[in-house]
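Chain A is fixed; fit chain B onto it per the hints.
Protein chains: 2
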Amino acid sequence: MNSTSTHDRQPIPGVKDILAVSSGKGGVGKSTISTNLAVSLARKGLQVGLMDADIYGPNIPGMLGLEGKPQIDETGTRLLPSNAHGLKTISMGLLIDRGAPVIWRGPMLAKMINQFLFQVDWGDLDLLVLDLPPGTGDVQITLTQQAPLTGALIVTTPSNIALADVRRGVEMFRQTEVPILGLVENMSYFLCHHCQQPSPIFGEGGGERTAKSFDIPLLGKIPLDSRLRHCADAGTPFVNAAPDSPATRALEKLTDQVSRLLAPN
Amino acid sequence: MNSTSTHDRQPIPGVKDILAVSSGKGGVGKSTISTNLAVSLARKGLQVGLMDADIYGPNIPGMLGLEGKPQIDETGTRLLPSNAHGLKTISMGLLIDRGAPVIWRGPMLAKMINQFLFQVDWGDLDLLVLDLPPGTGDVQITLTQQAPLTGALIVTTPSNIALADVRRGVEMFRQTEVPILGLVENMSYFLCHHCQQPSPIFGEGGGERTAKSFDIPLLGKIPLDSRLRHCADAGTPFVNAAPDSPATRALEKLTDQVSRLLAPN
Chain A
33 MNSTSTHDRQ PIPGVKDILA VSSGKGGVGK STISTNLAVS LARKGLQVGL MDADIYGPNI
93 PGMLGLEGKP QIDETGTRLL PSNAHGLKTI SMGLLIDRGA PVIWRGPMLA KMINQFLFQV
153 DWGDLDLLVL DLPPGTGDVQ ITLTQQAPLT GALIVTTPSN IALADVRRGV EMFRQTEVPI
213 LGLVENMSYF LCHHCQQPSP IFGEGGGERT AKSFDIPLLG KIPLDSRLRH CADAGTPFVN
273 AAPDSPATRA LEKLTDQVSR LLAPN
Chain B
33 MNSTSTHDRQ PIPGVKDILA VSSGKGGVGK STISTNLAVS LARKGLQVGL MDADIYGPNI
93 PGMLGLEGKP QIDETGTRLL PSNAHGLKTI SMGLLIDRGA PVIWRGPMLA KMINQFLFQV
153 DWGDLDLLVL DLPPGTGDVQ ITLTQQAPLT GALIVTTPSN IALADVRRGV EMFRQTEVPI
213 LGLVENMSYF LCHHCQQPSP IFGEGGGERT AKSFDIPLLG KIPLDSRLRH CADAGTPFVN
273 AAPDSPATRA LEKLTDQVSR LLAPN
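Chains A and B, in that order, are what the protein sequence lines are.
My numbering applies: residue 33 is where the first sequence begins, and numbers increase by one.
My numbering applies: residue 33 is where the second sequence begins, and numbers increase by one.
As the list makes no split between identical chains, a pair holds if one copy fits it or if it spans any two.
The calculated lysine to any residue pairs, modelled on SDA-like cross-linking and capped at a C-alpha distance of 25 Å, are:
1) K101 with E203
2) K244 with R130
3) K253 with G131
4) K253 with R75
5) K244 with G131
6) K253 with D265
7) K244 with H262
8) K244 with I128
9) K253 with H226
10) K76 with S277
11) K285 with C224
12) K253 with S231
13) K253 with Y221
14) K143 with Q207
Treat the hints as calculated values from the structure; they're not laboratory data.
Looking at chain A on its own, in the form it has when it is part of the complex (with noise of 0.2 Å):
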């Protein structure tokens, strides 16, 4: 596959270790989980960068509570990322008017991507988290075939039609020579403030099956709190917001796990 060559990779000087987080389908709640890991592993002292590669529909400006144009560095030409709750972070959702939107074709999408991993001063990072856009097009092409990938986590709920969609994403990164280290199931269950009975709403097991059939670890279940939404609509990282919460807990044990996955020794 001429398009998915990897021969143009080059490192982002400074950046030890790149993770991709992607989903095929969109709305499972892969920028939730980007932002909370990333503010998870700067808790732990990382230096962690993050960089919002759905330019049609960028939400993690929204999601941290960022504000305002980023500003270019002394010599004119690199984007200074925003700073907020530990993280670096550039979005093209900083560039432009809350809401307007980006009606741009591939090739112009390709050149932004271009642009946010080599024309920001990330400056030292242990790890730049990719919050990639759904499906399999112009923006994970020229990810795979422009940045050194350390690995992907794929997020997914626990429903049949959101497995097609990961099949499809495990078969573009083995593909395109990306480790895949491991899947997120989001959305696990739902748990009623009223009864405090748990509902399945999107499914039972769907994570668990698709992690055997492909062989990839599970790395975690992320059961669904309204909280979580609503911290997102707030600008405020979950986990930082209720520490306590059954969801904090699996994001920080998502987090120990991709740690782990990152530096082995």
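Leaving out everything else, chain B in the frame of chain A:
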């Protein structure tokens, strides 16, 4: 904006109306709404086609229980749509193996969308429903340039984050001069099966606020019912499987509104 000029729009012979079902954000249930709306319109006696414009994540065949490749017509130049549940359907998912990734850059996407519009033997249709992928990229640009869209329906959830994505969708259709018929709020609340209490998992009042701020009608609010996901996974339209449920009643009200807006006389 050159890239969204409308001078290439041409009618699809035999097709009366074309409705785009769109959402800025993925995972809001757009394909579920498209499918059930199309089935519901067909049950009212309309000739309805359903085109799955999500090339990277084609979920419609799974939701309709469609398998097998589409046939070519006797001239050898046109695809015959697949038939199920009273609909004529075309999808990338019918042309590739389930779960195979489509690792394409934008120009290939645009070409496939053009083929789905003009190289499929749709026959006489009262309505062709287009299930759009998330975002405002190549597929959306191609469709708004080439297809004479009667109107667009925008699907969202009550969350603020989803609403920022809606804003982008609304602006895109306005810039490309596609009439917006209205907004549909999906996953409005969850009815616990244990205690029957509603939980606004994804927020409250977002649909009303957005509809008001953009001066577009809110055409429906569809509750979150885990059987909707279950039916989608099983390949059975929910409106057929659970005709007496609150979600079906909400979908039927939406169907009435849409058919009134398409044929106001």
